[in-house]
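Generate coordinates for the entire structure from the input sequences, incorporating the hints supplied.
Chain by chain, the residues:
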Amino acid sequence: MQQDNAGLSGKVALVTGASRGIGRAIALRLGAAGATVIGTATSESGAAAIAEVLSHNGVAGTGMCLDVSSPESIIAVVKEIAEKFGAPTILVNNAGITRDNILMRMKDDEWDSVINTNLSSIYRMSKACVRGMTKARWGRIINISSVVGSMGNAGQSNYAAAKAGLEGYTRSLARELGSRQITVNAVAPGFIDTDMTRGLPEEHRLNLLAQVPLGRLGDPKEIAGVVAFLAGDEGAYVTGETLHVNGGMYMG
Amino acid sequence: MSTIEERVKKIVCEQLGVKEEEVSNESSFVEDLGADSLDTVELVMALEEEFETEIPDEEAEKITTVQEAIDYVVAHQ
Chain W
1 MQQDNAGLSG
11 KVALVTGASR
21 GIGRAIALRL
31 GAAGATVIGT
41 ATSESGAAAI
51 AEVLSHNGVA
61 GTGMCLDVSS
71 PESIIAVVKE
81 IAEKFGAPTI
91 LVNNAGITRD
101 NILMRMKDDE
111 WDSVINTNLS
121 SIYRMSKACV
131 RGMTKARWGR
141 IINISSVVGS
151 MGNAGQSNYA
161 AAKAGLEGYT
171 RSLARELGSR
181 QITVNAVAPG
191 FIDTDMTRGL
201 PEEHRLNLLA
211 QVPLGRLGDP
221 KEIAGVVAFL
231 AGDEGAYVTG
241 ETLHVNGGMY
251 MG
Chain S
1001 MSTIEERVKK
1011 IVCEQLGVKE
1021 EEVSNESSFV
1031 EDLGADSLDT
1041 VELVMALEEE
1051 FETEIPDEEA
1061 EKITTVQEAI
1071 DYVVAHQ
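As you go down the protein sequences, you meet chains W and S in turn. For the first sequence, the residue numbers in our numbering are 1 to 252. For the second sequence, the residue numbers in our numbering are 1001 to 1077.
Hints in this document: simulated from the structure, not taken from any laboratory. It cannot be assumed that every hint is accurate.
Below, a list of computed lysine-lysine pairs in the DSSO-like style, where the Cα atoms sit at most 30 angstroms apart [said to hold, decoys possible]:
id, chain 1, residue 1, chain 2, residue 2
1, S, K1062, S, K1010
2, W, K135, W, K79
3, W, K221, W, K127
4, S, K1062, W, K135
5, W, K79, S, K1010
6, W, K127, W, K79
7, S, K1010, W, K127
8, W, K127, S, K1062
9, S, K1062, W, K79
10, W, K135, S, K1019
11, S, K1010, W, K135
Away from chain S, derived, C-beta distances all over 12 angstroms, residues of chain W [as the list claims (entries may be wrong)]:
id, residue
12, G58
13, F85
14, D112
15, W138
16, M151
17, G178
18, L200
19, E203
20, G232
All residues carry an ideal CB built from backbone N, CA and C; glycine is no exception.
This is the structure:
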């Protein structure tokens, strides 16, 4: 693993949805930069797997079980982290789900669960963590968006609405918290090689790839590197921004 | 041992970056001492810590002056 000069040593980072894909890459990357990392998953077995991966890679921290759609679960987990490791001052809101359907067939439950898990959760997570950050007079909130929030995508009106909402939320919170040296940014991945995209039909995959000037899928590490930049000192003057990382698929 | 009034005023000075002589019991955090909305939230957080109590949001919103803060702490000792 890449080791850098421990730019985040002494910081506690909380990464939601860290059991696989982009979240897992982010957890490892922040760990490599010296942060103590708490990665969350929706199941105990997922949490245990995260703990194992972190420890195998020499990263301090652990995995914890968290349901980002439950306010009680969030409050309990953030409290436990503060007691065991110190209040998290780096929050990466990565957990997300898709429930794709064309609007005319979409069920209320498909709409509500995507809005709740992908958008309302970041409101709850940030609220639970901001107290510790204002006290520290330092903080980083990094919300993982999607290129779909800017481009739109047929069959993903719920997901696109949540991600576009996340970006507006990011800008407002950046203005609220700027005076405390807390930055709030979004990172919008394009077509990244994860379980989520591996599930797509081959034809759909090829169509998507044809839209990417770099002609390949992104690697989760290429998202994690941007998150690490925003979390560290080098990204300190960037706030309220959405960084697009998509191989040129969408140019803002 | 300092009085509650002294402890409250000390926290107000620290949190809002004002001098002791600027702070009277009647001072309003926002109007007289230049606090913004985030400052007032942090001030309540600091009071909670100092006096080891939890101030619910609906109560916190009513604490707008130094005297109101002192009164709240006295009433909840």
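Would you list, in rising numerical order, the hints stated earlier that this structure does not obey?
Hint 17 contradicted; others consistent.
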